[in-house]
Amino acid sequence: IDRVTFTWPDGTTALHDVSGAFGAGRTGLVGRNGSGKSTLLALVAGALAPASGTISTTGTVDLLPQRLTLRTDRRVADVLGVAAPLDAVRAIAAGDASPHLFDAVGDEWDVEARAAAALDEAGLPPGILDRRIGQLSGGEAVLAALVGVRLRAAPIALLDEPTNNLDRDARERVYELVRRWRGALIVVSHDTTLLDLMDDTAELYGSALSTFGGPYSQWREALDA
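Counting from 1, position 196 in the sequence shown corresponds to residue 196 in our numbering; the numbering is continuous, with no gaps.
Honestly, the hints are just simulated from the structure, not real lab data.
Computed from a prediction, not measured in an experiment: that's the story for all the values here.
Using N, Cα and C, we set each Cβ at its ideal position, and we do this for glycine too.
Keep in mind that the hints are not guaranteed to be accurate.
If you anchor each label on the Cβ, the simulated ranges turn out as follows [stated by the list, open to error]: (1) 98 x 55: 40 to 50 Å; (2) 94 x 3: 49 to 59 Å; (3) 123 x 16: 24 to 34 Å; (4) 10 x 108: 42 to 52 Å; (5) 57 x 114: 19 to 29 Å; (6) 90 x 59: 26 to 36 Å.
Put together the whole structure using the sequences plus the hints.
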């Protein structure tokens, strides 16, 4: 992130001349409310464009936003990003040999087994694949969206307040997923238990983005000292 500035349409400046870098491990991004943490994630993901400055990433980016806007009529398979190959495999197994189905499957003949394993890891039943998002609890919907990020396996994943409004059990499932995460992960959160699972802590304060080599509790001790 090199000298990035972002201004909202009403003229409000959310970020001004911010520079910094995130590593390949798990980083907790902290800062005061309104400091621009969510805006920074959206900029890194390409959901917003900076007014000036540049952002470069080594690989694609997947963002789980703070406010999920999941259509309630979509299946969990759609949210996971596996609907096309899953439906094609099922159609072929039922006897349909149309060439476009084989194109849709590609190399993903084990898609249902992989999706079921990922759901199980998050504490969700395999049969949930064909359920509609509107049939799930809020916690189940968040976990399903998080599983989708895992399955898409982008080199860089961004999670914005993933444990907000989750009950204790759902939070524990999120913690376990984060412990096993592969690839670069940046998490914005006020959940100190989650932040203590991070390798590094980055603070966005004013125009400065500074990184500390350790989880939240160690960063807090160093800051207090």
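Problem - Index of numbered hints that the structure contradicts, given in increasing order - result: Failing hint: just 3.
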